[in-house]
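Engineer: Residue numbers (this note's numbering), protein chains in the order written: chain Z, 1 to 483; chain L, 1001 to 1444; chain A, 2001 to 2341.
What follows is a set of in silico ranges between Cβ atoms, one per label pair, in the way DEER data are often shown:
hint : chain 1 : residue 1 : chain 2 : residue 2 : range
1    : A       : PRO2048   : Z       : GLU403    : 23 to 29 Å
2    : Z       : ASP176    : A       : ARG2335   : 54 to 60 Å
3    : A       : LEU2247   : L       : GLY1029   : 36 to 42 Å
From the derived model, a few chain A residues whose C-beta atoms are all more than 12 Å from chain Z:
hint : residue
4    : LYS2010
5    : VAL2027
6    : THR2037
7    : GLY2039
8    : PRO2051
9    : ARG2052
10   : ALA2137
11   : GLY2231
12   : ASN2241
13   : PRO2242
14   : VAL2266
15   : GLY2323
16   : ILE2331
17   : LEU2333
Quick caveat, the hints were computed from the structure, so don't treat them as lab data. Because the structure is a prediction, the values reported are computed rather than measured. Just so it is clear, CB atoms sit at the ideal spot from N, CA and C, and this is done for glycine as well.
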Amino acid sequence: MNIKKFRIVILSIITILLLTSCTNQLYPTDYQSSTSDGMDPTNPAQNVDAPLEDATDEERAETAEEVRFTIRADEQLKPAVSQLYDSFFDGESPVFVDDGEDLLVKRWPSAMEKLEFRPTLHAFFMYGAAMIPQTQNEDVEAFVDFSVSLDGQELLFENGELMGPQYAVIDQTETDRLINPPLRRVISAYGPSTAFVYSVGAADRLVSASYLGARDPLGASVMEKIDPRFPDIMGDDYFSQEDFSIEQAAALDPELILTSARTAWLDTAQELGIQIFLYDAETPESLKEAVAKTGELFGPNTSAQASAWIAYYENIIDEIEAKTSIIPEDERPRVLFTGTQPLRVASGEMYQSRIIEYAGGISASGELQGYWNDVNLEQIAIWDPDVIIVPPYGGASVEAIIESEAWQILDAVQEGRVYQMPKLVAPWDTPAPDSVLGIVWLSELLHPNLIELACEQEAEYFYSTFYDYQITQEELDIVCEYD
Amino acid sequence: MEVRADHLSFAYIQGKTILHDVSLEVKAGEILYVLGPNGGGKSTLLSCLAGLLQPDSGEVYLAEKPLAEFEAAERARLIGMIPQMHVPSFAYTVEEMVMMGRAPHLGWLESPSRVDYEIIQNALEQVGLLELKGRPYTEISGGERQLTLIARGLAQNCQILLMDEPSAHLDLSNQYRILEIIQQLSHRGLSFIITSHSPNDALATADRVLLLNNGWVTAYGPPDEVLTEALLSTVYGVRTEVIYETIRGLGKPRAVVPRRPETVDPQSMEKEGSLLWEVFEKRHKQPQLILVTGMSGAGKTSWCSRLVNQARSRGMSVDGILAPGIFEGQHKTGISVRNLKTGEEKQLAKLRQDDSGDISTPRWTFNPDVLDWANDQLGEIRDCDLLIIDELGPLEFLRGEGLMEGVDLIDRQDFKTAFVVVRSSLLPNALQRWPDALVINGRV
Amino acid sequence: MIKQRLISSKRAILGLLIVLSAGLFLVSLTLGRYPITPGEVLRVLLSPIFPRLAVEIPEVSRRLILLVRLPRILAALLIGASFGGTGTAFQAIFKNPLVDSNILGVTSGAGFGAALALLLMGTGWQIQFSAFLFGLAAVSLAFGGSRLYKTTPLLVLTLMGILIGSLFSSLTALIKYVADPLDTLPAITFWLLGSLASITWEKIGLLAVITVSGLILLWLVRWRLNVLSLGEVEAQSLGMNPTQLKLIIIIISTLMTASAVSVSGVIGWVGLVIPHAGRLLVGPDHKYLLPVSVNLGGIFLLLIDNIARTLLPGEIPLGVLTGLIGVPIFIVLLRRKQTGW
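Isolated chain Z (complex conformation) (with noise of 0.2 Å):
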């Protein structure tokens, strides 16, 4: 659509609406305290101003030749309501009823209820307030996508009903980045940034990236399947950690660029004058802050996702902890994470080791400091594994470690207990989203007996929640499998 033409249906739209009904503006104040506690929003006769709005709701239905659907709204959400199906349906207006409702648009905690293992998403078209469909119905979908869209967002940016037309957001570099919302065009240069920008469901918004795992015909063809623009904004040729071609950031005229803290071209960038976001998750805590920032960047939907996730991520380590913490320190098994190379392994510091931490086992390396250390066989025997663990990328493989004769020194290997960590697209043992995977996967493998979770479920759940892709039997068979 026009976006001239637009905003002048809309500033048209809008002055009518202040004509015709000023006293719905005043509404608000007094309401927001009267409902601040204890609000039920299923509870219609909590609703105070009801009666009034009904009169002129109706008065329009009768107006209306057809029904779309029906709203129940809160009251101070209305407006944005109306806005946003004025200018979806072209002028139309809603037809707000107090039950029985077709959709039903209420304010929402926007961090998740904890109490819900696996968080449900809901549409958040802004902060605090989601839009829940009660019926099947074309137009209802059509219109929720709408709200949460880019262009809806816009619309309620531009109305002010949205936080604008600025606003901060800190990196993790505690720089404070301005963001001219809504953002359409995004790049992202580091792998993990892309799959945080995925699994708050913002995949949009990236006109180039680079991704993690993508390589391999595996994870280039479920990439695809995730998302169909994948081969297009592929742009592991342009951007990464380690180059950027500025010529190519210009033709794609980004708005942000997302990129890790230890990129090797970040002065480069900046004589673009590009607003750039910069990442530091190496660890469980960053790596929740992470994906918390990046739904903030990209506004309320977004964010509500990040919630959904953290919330999933933590629940899936308490639960955890729960069933393990009664094995005590010095029996729980010791697990060596691998690297590259055989001989190399995760220090204690890495995310590998809070990994194989969460899920209840002690990382054998956790005495080095730094990132991946070399080592030798000897050292390996005084720690002597109860499982080794190898990664998913890097040329790495089990074979490499059990067919080796002086490997055989280990019970470890001798009793076939080294396994490889697996991945659909990202690894799962690097500090992205899908690490909860990890997590679940790696707890499985040590206390079968105790942990009641299962690889499949959960991998089932997040790749339909985050990722909105329904994983095939095939892929399941081959991510939960601990050969």
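Starting from the known structure of chain Z, arrange chains L and A on it as the hints suggest.
Structural biologist: Just chains L and A, lined up with the frame of chain Z:
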């Protein structure tokens, strides 16, 4: 052991021949010196004789057997080569350096044995270096290094030693030491072929001298026959003077020194005993050529004019040409040519403006008509007391054109005394053509 | 006599170094992160002859000694000796104390070969084979290239070596550029860094055969190296065919270096500096210098590798230690003997 070279020719690059038809012979115990200017082919000749280079034609014989038929090791057991002063990359001791002379006597995979050690002790003793044998070769003096290399040749047990400029860079006492050792060893039957820049060393020690110039043998024979003033002047383009043994009377030349041109005043013709006076006194015996030299602008033409005046006043017949400069203020912009007999004068050359004219030097463009005229003038000259040619230049010496009648005139010796102006840079060329000429400085 | 004493002192130094190598070899077997007593080591070593001795030894210790320590220690000795020997030989034939056997590009070629194999085929014996092959190819190219030009072949050869070396470095850089930063790139970087941690018996076979036979050949021509180091013309005048011998030595050294590099990755420094240390001990006479450098190289690399594998839980890169330990030792040697190079 006798070494003989028959008609050697050699070229590194086809068409650029370094050695032309060189023959020589050295008998057991003889010392042959190879002298000649830089780039004359001395080192190349040594390499051919050592078998390091294969001559393009001709043959080197060792005891009447062609050198090419020798195995490398076999050859190295007969001929030793002592390179010019060099410093190896590694600090071998004197002893280790001498030991390398045993290489041709040892098998490929062999290392020196006790016998070899005894041989090199002997060699070191002969050259008097026994005390220094533990010292690094890189830290001893140049003379000692040269002695070390001689000892290496002795350890090689060879019959002929080729030495490339053994006395270069050595002080007087070291030069003496080396020459002494060479002579002593030659008395024991070792032959030497030595390249050198020192005719005096050759006079002192050589049995024969080979004078090599531009790859051609200019002279070959006993030192007193080869190292004459005329031959050395031809080869080196420098007037030399041979100093003879005077303590025990005449006969044996002792030293060759370069003779610097004297500065002569035209007036001194009158002065009895002066150079000019002698020249004119002796003119009746045989024609005398005098080359007048000096830097450009030193006044060579003025000097000639004065001489002409002087000679005319004494009633001598004067002929030839004078070439006074044409000046615009301070700058010489042209050269004219004047017939000394008729006084006729024409402009011969002008300062070069562009590339035109095929008769030109870097600075001057010559008028071909005037050049022809000058040549005609010179061609007409017959038998005069004093011939002046001012001057012979690069056209004549380097390109064989220009005042060639003048050159012919000098060669014909159709005069009693001739003064020919030649700039100093062309003097070697003039001396190669007329080695008997006297050289004086024409400065006023 | 002074001479007698000088020579016997050189012999004594060489003898001492041989004893030292053997001693260090045995001591190294008892060193490691995993606690194994010297007695156990001895019993494991003697168990092939007296099988009863090994009965009470834990399987882990036995395997560690035979499968981990022994090949690694042997490899360190062989590779160190190889670098010491070839470095000495190359310095002699190039008349240049600032070169080692890498001057003709063997390491760059091997690095490229390994990177190519890692990119195309993954892991296994192909890497070693490809590294070896391209090491030889680089030197052949440098040698062939220098033949295009007729005069001053030594200088041209050096120049060609440097050129071919940089050509292969560029090719390696190209491979690193196209390699997956998560996948192949770390493996290539790891290989190029050089390490002895992943030595196995299979990798040692070819290395041992080539190194030992190469060292024997170099040892046989050791005195000729003196003559060669004087330069082509002088060697020729002393009845040698320097071109032929030089070619043979280059082929031997290249085979040795390529087989070493293909096992260990790139280990610099040893081939360049060990010959100098040898010269400080026994002087430049290759009759003694070559065996001394071979022993010094073996001892030095074994020492370095012992520290690399035992000091910390993580392996210390060899490149870090060669400089940190080698340079002070070298300075001490330099101070002790101030004259002669």
